[in-house]
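Using the sequences and the hints given, assemble the complete structure.
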Amino acid sequence: MLLRFGVANHRSIRDYQELFLTASRRIKRQGISFPVLASQQAAVPVVAVYGANASGKSNLIDALGEMRRAIVLSHRSLGALDPIPRHPFQLNGTGAREPTRFDCTFTISETDDTNRTSDHDVAVYEYGFEHSSTEFTREWLFRTTRKERMSTQTLFERQTKNGQTSMNFGSSLRGENKTIANLTRPNSLFLSAAAQNNHPQLGRLHDYFSSRWKTILNANPMTDQLVAERLSNYAHLEQLLPLVQQADLGISAIRVEEEETEESQVELIQEVVGVVLRHRNESDEDAPFKKALLDRLRRHKKLRFIHATAGEFPHSFEYSMQSKGTQTLISFLIPALEALAKGSFLVIDELDTSLHPDLARAFVSLFSRAEINPNGGQLIFTTHDVTLLSSGLLAQDEVWISEKDHEGASRFSPLTDFKLRSRDDIERAYRNGRFGGVPASDEFIGQSNSCLAS
1 MLLRFGVANH RSIRDYQELF LTASRRIKRQ GISFPVLASQ QAAVPVVAVY GANASGKSNL
61 IDALGEMRRA IVLSHRSLGA LDPIPRHPFQ LNGTGAREPT RFDCTFTISE TDDTNRTSDH
121 DVAVYEYGFE HSSTEFTREW LFRTTRKERM STQTLFERQT KNGQTSMNFG SSLRGENKTI
181 ANLTRPNSLF LSAAAQNNHP QLGRLHDYFS SRWKTILNAN PMTDQLVAER LSNYAHLEQL
241 LPLVQQADLG ISAIRVEEEE TEESQVELIQ EVVGVVLRHR NESDEDAPFK KALLDRLRRH
301 KKLRFIHATA GEFPHSFEYS MQSKGTQTLI SFLIPALEAL AKGSFLVIDE LDTSLHPDLA
361 RAFVSLFSRA EINPNGGQLI FTTHDVTLLS SGLLAQDEVW ISEKDHEGAS RFSPLTDFKL
421 RSRDDIERAY RNGRFGGVPA SDEFIGQSNS CLAS
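Here the sequence shown stands for residues 1 to 454, where the numbers follow our numbering.
Bear in mind the hints are in silico, worked out from the structure with no lab data behind them.
Some hints could be false.
As the list claims (entries may be wrong) - DSSO-like mimics (lysine-lysine), calculated; alpha carbons at most 30 Å apart, straight line: (1) K302 with K214; (2) K178 with K161; (3) K419 with K28; (4) K147 with K342; (5) K324 with K302; (6) K28 with K301; (7) K302 with K342; (8) K419 with K404; (9) K342 with K214; (10) K324 with K301; (11) K324 with K214; (12) K342 with K324; (13) K301 with K214; (14) K301 with K342; (15) K404 with K214; (16) K28 with K147.
As structure tokens, then:
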């Protein structure tokens, strides 16, 4: 589970900002939380980020995705001289010169047997890094465990200064650490290089970021082909269909069918395969590959949604004929059910786009109900849907406000920073600007008709 995320010098986020996913001790909570013995804290299942347009909400979501991309791709995908992708703060003269920073605190089971995991088998890790456009200047990893007592160890620390890189390894980090350090380029993370070289301990941590962080940076629905591919071997299809049916979309069944590609497209497919094989320097050994690729491209999966009707026979419609709201809901439910099953977390920018407030509320409730979320799945999302504030789903420590200061830098504050009484109407207080995070004006001031005419 994710307990904390920090970022500095990324897009509109100039100064170091932290987002906590831990239960506040300052309030009396009624919703669920997940105790973490090694940190003496409890993780919350949901965090909602509110704020005016251009206040930095999407940049926070983008930062989460950017940290994951650096960990997963820096060693595998960047060439030796490739720049490190980054987007420093632009509204002053120092952003390009200062490093960008990402760090987080999270939990991972220390055993492979998930059926026998106890609270004592869960460790808390703090991992982070800083980088310029050319090199990672700092990288660190600490682990906290609790057996008989609390214990924190340094696993590794990396620092680059004046072109010289030093690595410090803790005694509890076993493996070919020095060999991998020598293979780590200035523009790649040691954690990324370690995973690519089969480091036994760090591979588990790398897997956490690669398989348990899912970020949806826009609310555009998945394509027909992608949804069909995902659902064709989807382990949670039995859970998906009842949720779609409960959403009152008129859908009674979902089918994934295979269809033959039209003959008019077969020649084009053969040409594409030929280009691929020429790029591979085609040989006789490629014949099985060529046949398998052609067979795959000749057939494609298609989604069919069965709608009940007042007549005797139901009607079948393609995915493209469903409303954008239906497509968006399905696109969100597919990764959500995976996150709930794995105990991983899902990040969605603009959850309420194309979703009716009732559907958005029902979606959030999946993570807030103990019987549906026993494994500690988490949801972070941005939204303008103020009705969620009065829905009873979100506790005060699950609501964060995004604002920009007079210099254009984004700041993030939890609702627990504000003095609230139990009887306060949080939705009304937010609408009235009591917490900030709302537009400065509630109407546009137009020019006179004569000015417009001119």
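Hints, verified against the model:
| no. | hint | result |
| --- | --- | --- |
| 1 | K302 with K214 | 25 Å, holds |
| 2 | K178 with K161 | 19 Å, holds |
| 3 | K419 with K28 | 14 Å, holds |
| 4 | K147 with K342 | 25 Å, holds |
| 5 | K324 with K302 | 18 Å, holds |
| 6 | K28 with K301 | 50 Å, violated |
| 7 | K302 with K342 | 27 Å, holds |
| 8 | K419 with K404 | 21 Å, holds |
| 9 | K342 with K214 | 12 Å, holds |
| 10 | K324 with K301 | 20 Å, holds |
| 11 | K324 with K214 | 21 Å, holds |
| 12 | K342 with K324 | 28 Å, holds |
| 13 | K301 with K214 | 24 Å, holds |
| 14 | K301 with K342 | 26 Å, holds |
| 15 | K404 with K214 | 26 Å, holds |
| 16 | K28 with K147 | 29 Å, holds |
Hint 6 from the list above is the single one not met by this structure.
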